[in-house]
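J.: Chain by chain, the residues run as shown.
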Amino acid sequence: MSTVLGLLPLLVLLFLAGTLIRAGWQLALRPLHPHRMLLLSLSSASTLAVLGLAQLLPAALWWVMWLEALGLVVAIAFAGRRALAPADAVGTEALPPRRRRLLEAPSRASLIGEVVLVIVLLGLAVYAG
Amino acid sequence: MSAPTDPPSPHGAPSDPPPVDRRPKPPPPTVDRRRVLALGGIGAIAVLGAAALTAPRPRRLGEPSGDESLTSALAPYLAGHSRVGIAVLDPDVEEPRLAGFGTDDGEGAEEFEIGSVSKTFTGALLALAIEHGEADLSDTVADILGEGATGSDIADVQLEELATHTSGLPTIPPSRLPLTIPASLLRKDPYAGRDAEGVIADALAVTPTGRGDYAYSNLAIALLGQLLVRLVGPAYPELLRERVLDPLGLAATTVPEVPANLAPTARDGAAVSGLSAAPWTMAGTAPAGGIRSTPADMATYLQAMRDGTAPGASAATEVLRERSGTRRTAMTWHHLDLDGEAGTVIWHNGMTGGYASFVGWNRDTGLGVVLLTDTALSLDEAALAVLAGEVER
Chain A
5 MSTVLGLLPL
15 LVLLFLAGTL
25 IRAGWQLALR
35 PLHPHRMLLL
45 SLSSASTLAV
55 LGLAQLLPAA
65 LWWVMWLEAL
75 GLVVAIAFAG
85 RRALAPADAV
95 GTEALPPRRR
105 RLLEAPSRAS
115 LIGEVVLVIV
125 LLGLAVYAG
Chain B
233 MSAPTDPPSP
243 HGAPSDPPPV
253 DRRPKPPPPT
263 VDRRRVLALG
273 GIGAIAVLGA
283 AALTAPRPRR
293 LGEPSGDESL
303 TSALAPYLAG
313 HSRVGIAVLD
323 PDVEEPRLAG
333 FGTDDGEGAE
343 EFEIGSVSKT
353 FTGALLALAI
363 EHGEADLSDT
373 VADILGEGAT
383 GSDIADVQLE
393 ELATHTSGLP
403 TIPPSRLPLT
413 IPASLLRKDP
423 YAGRDAEGVI
433 ADALAVTPTG
443 RGDYAYSNLA
453 IALLGQLLVR
463 LVGPAYPELL
473 RERVLDPLGL
483 AATTVPEVPA
493 NLAPTARDGA
503 AVSGLSAAPW
513 TMAGTAPAGG
523 IRSTPADMAT
533 YLQAMRDGTA
543 PGASAATEVL
553 RERSGTRRTA
563 MTWHHLDLDG
573 EAGTVIWHNG
583 MTGGYASFVG
593 WNRDTGLGVV
603 LLTDTALSLD
613 EAALAVLAGE
623 VER
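From first to last, the protein sequence lines stand for chains A and B.
The numbering used here puts the first residue of the first sequence at 5, with every later residue one more than the last.
The numbering used here puts the first residue of the second sequence at 233, with every later residue one more than the last.
So that you can see chain A by itself, here it is in the shape it has in the complex:
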């Protein structure tokens, strides 16, 4: 049990890093609805904030967090560029449902929830100092 607890920070770190990589991958490579792009960006910001607040990275690895953030910003730029390109109306039916869903707008509730979560986490980060 104590071994599991000792490994918990590492497991949480790996899970959060995996979440960030998946979001970055989708932003960079998948056609997205603009609202879906925003949702993924905000959830990545929340994940980064949790990673930082939980202090899962030591000071010596300060650059890892910035590398992740810069990678995500580049991925958001790719997603925006793709969203601005003329939509290919033909062929979306051929996409698997999961990828087709990325072209649809997320629910308003999930978008609002993500905005609130980011604001709360950044507020906590400011409060923590």
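None of these hints come from the bench; they were simulated from the model.
Note that the Cβ used here is the ideal one computed from N, Cα and C, for glycine as well.
It is possible that part of the hints are untrue.
Where chain B lies over chain A, by a calculated footprint (3+ residues, C-beta under 8 Å) [what the hints assert, rightly or not]:
id, region
1, 43-56
2, 124-133
Just so you have them, the derived chain B footprint on chain A, three or more residues with Cβ under 8 Å [claimed, not checked]:
id, region
3, 59-67
4, 71-83
Could you slot chain B onto chain A? The hints should help.
T.: This is chain B only, laid out in the frame that chain A set:
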């Protein structure tokens, strides 16, 4: 409902070509350029904001000052630290050697949180109370609290068990855990807001587990300190000043208990991530970790403890429990036999949200060391290397 369509040819024979749709194709859906840019911009700002507010901060060791041979010998052990106070007690030399990194003068006058090294002061108060006949190691919680302890599972816990971390009390009372976790995440004092009476009430509500086995407990030492206050009189800060700090002349050593009592010059420390961490004044738990001091004061304290001239010096040397072949516990102090013939170290370390500390001496060589840092990063390796004689100083 969709219109019926012709069935496919059963033998794959070519069927009639589908009719050509001559209606004009709808234009591709237009994308509002401004909207996409705005949404992408918001997302990017959120990501960069999260990184800016929560990313670890690199720590760089401050400029060395004071004893040059000490700073050059210890620098390799202090990666990740920033402001460090150092005092070394050489055997047969009266004056401690003082040095520092990032300290203004290298004279050992900078204040640090000493964290759990505070427990050794509580141990000294216990030893003094025993010397004065005010307490006995076999006194129980019920002996001191009287009816206040009725019905508690720790009523028969003895002062000796509290002082040696064998009482079965957890380090944090279970009732406080839900508040401790967010405080740790927000880098605030997790013990704030619980005064002496609260600490006693928390301890009385605990059902001890593993009694008799060593289990490091802040709650046990905090309770020990507050029981001594009940026995002997004034509040913990005054009791400590009267019995230990003033006799030793430790004017720069304080027990603020609450943030309002901090000196205006008190600085925040840094968590292991390098982010700033609020001071830990610890309220009623101060006997377990709420003291602030300077390298110079701690050198004076350690020297008097080593030489047996400090009030309550027997707290460090009187072994009460054997933990293993190489580890023993005195009244809050730890004894460790170093590998080989390097001797026995009498020591205590500490860590708060933003500080770490180590004080100890080698009983066989007389060499002593005080290390204080404003980063919550252990100093044990550096200190034990000094005490084992592995550092060319």
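J.: So which hints don't hold here, by number, going up?
T.: Hints that this structure does not satisfy do not exist here, as all of them hold.
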